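Asker: Residue-level listing of the chains:
There are 2 protein chains.
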Amino acid sequence: MLIGAMEAGGTKFVCAVGDENGNILQKTSFPTVSPEDTLASAKQFFSSFKMEALGVGTFGPVDLNKNSKTYGSILNTPKTKWRYYPLLEKLQSEYNIPVYLDTDVNTACLGEYYYGAGKHAESCLYMTVGTGIGAGFVGEGKVFQGKNHPEMGHMLLKQHLNDTFVGSCPSHRSCFEGLASGTAIEKRYGRKANLLTHLDEVWEIEAYYLAQGLMNIYVILSPEKMVIGGGVMKQERLYAMVREQFMKLLNDYLEVNDVDELIVPPKLDDEQAVKGAIALAVKNKR
Amino acid sequence: MLIGAMEAGGTKFVCAVGDENGNILQKTSFPTVSPEDTLASAKQFFSSFKMEALGVGTFGPVDLNKNSKTYGSILNTPKTKWRYYPLLEKLQSEYNIPVYLDTDVNTACLGEYYYGAGKHAESCLYMTVGTGIGAGFVGEGKVFQGKNHPEMGHMLLKQHLNDTFVGSCPSHRSCFEGLASGTAIEKRYGRKANLLTHLDEVWEIEAYYLAQGLMNIYVILSPEKMVIGGGVMKQERLYAMVREQFMKLLNDYLEVNDVDELIVPPKLDDEQAVKGAIALAVKNKR
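Here the protein sequences line up with chains A and B, keeping their order. So our numbering is basically just the index in the first sequence, starting at one, shifted up by 1290. So our numbering is basically just the index in the second sequence, starting at one, shifted up by 1290.
Treat the hints with care, as some may be off.
Heads up, the list lumps identical chains together, so a pair's fine if it works in one copy or across two of them.
[Stated by the list, open to error] Straight-line C-alpha distance at most 27 Å; calculated DSSO-like pairs for lysine-lysine:
#	residue 1	residue 2
1	K1538	K1437
2	K1369	K1302
3	K1359	K1573
4	K1575	K1369
Calculated directly from the structure, the hints in this document are not laboratory data. Everything numeric in this text was worked out from a predicted model, so none of it was measured.
The whole structure should be built from the sequences, with the hints applied where relevant.
Answerer: Structure follows, in structure tokens:
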């Protein structure tokens, strides 16, 4: 069975064809331009395969309310050409096969859950720490979805004692993303995060906020695995620092068998979203 | 169909018999003493009814992992007589009917979801603000449960600018419960909350923390209804203050149709847990 997968990112699209076990057979990528031109490039790639379904992980905001008239449409994005674009509807009419759509971070979470670091867990969080902070949660095989999709990057956190930065989030200033995203690090120190690797203080503060965000998620969702990826986490020493801070903040209040197994890096490199798009299609098709 | 319901609280037990629509036909309560004596009082009450199932909402910590050997047992509670007491097992062997068990706050949430303020919502949070802070979440008819049951009262929050209180939580100092429970209010001001009704500052700070806790839950779980009860909320002006702070903190980042319909008081007075215990039994039995 051939499954199509599309990671519709804000700056680039990744298209792939894989089998029902998440193995990618062929893959391509191209910049995100206008909807018409971008989807034409996708069509060109997919046209040489006979696919049975298509899974899509898209940038947002996107309407995921199945009872809504605009279900599957991009909402009020700063990318004006894509604003209110009916992505799901266009893909359905163009490919004439079942099309399933979720956010990019939710499909990334599905990818790690089915084929990656969360493979043997009952529930799994996937969090990406890059320009922004986003997260998805999968439990018992299903992406968690309340009235809206989660916006965990915008929870409010306690300020680090040595941090006087006002925060970089245009909406909330010092929310999680406003304190701990790559953008926040850059604005706090006036230099990009990857030029700050020699400064211990930078990573201590960063680890404190990441641990706090994870602790709040842990007391609310209690995932069996928490997979943390994204550009900022290329600073690999963060994993050990985050685990240590997390245990310190939790202070034995809840039992954690093995924090090294709870807070882990992704296993699918940069392919979690596209593999998750395959999983989305496979699991819904059944 | 007669359903038994038991709210096993740390200081008192409430036992009731109701029908499958959550109507209570008879109810009694008595202090929580030793397990043997308390369950004997329960047995005496229930023995005059022919019940088809029993639902139980219990104080904790309690083992809710169905794969665990100690599933349904009380865990390491400060109430020494109840420590490691196999509550579910004892009830099953005593009553010889199906017995279903969850935490008291989870069953309270089920009660409001099926019969109270969350009746027409797809998903519902129930939070109680009293001596401590606890919360449960029900979506699509099911209590949400990760690896552990939620401990939302222990998330970490930003300190209010005018609040120098170090917090009352023995484990985390200034977590949500350590800043906003009745215990926290009493320790911060040296007087019980109900003696502070004339001091606006008390309730402004309280509303700020409650709004922040709700905002963090909202960006993670996105409930359609958030029902807030418990002793502290008897200070009814808090509802309007919390709603105002919540909208201010959220700052239009997510759409909220009507905050007066999102953040609401309970509708079942103090019967949400016992009615929820009925719902737990009815929905599982089907």
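Asker: All hints are to be evaluated individually against the structure, with a verdict given for each.
Answerer: Each hint tested on the structure:
1. K1538 to K1437: Close across copies (20 Å), not inside one copy (33 Å); limit 27 Å.
2. K1369 to K1302: The answer is within: 13 Å in one copy meets 27 Å, while 58 Å across copies does not.
3. K1359 to K1573: Within one copy only: 24 Å inside a chain, 32 Å across chains, cut-off 27 Å.
4. K1575 to K1369: Neither, since 31 Å and 51 Å both go past 27 Å.
The structure shown violates just one earlier hint, number 4.
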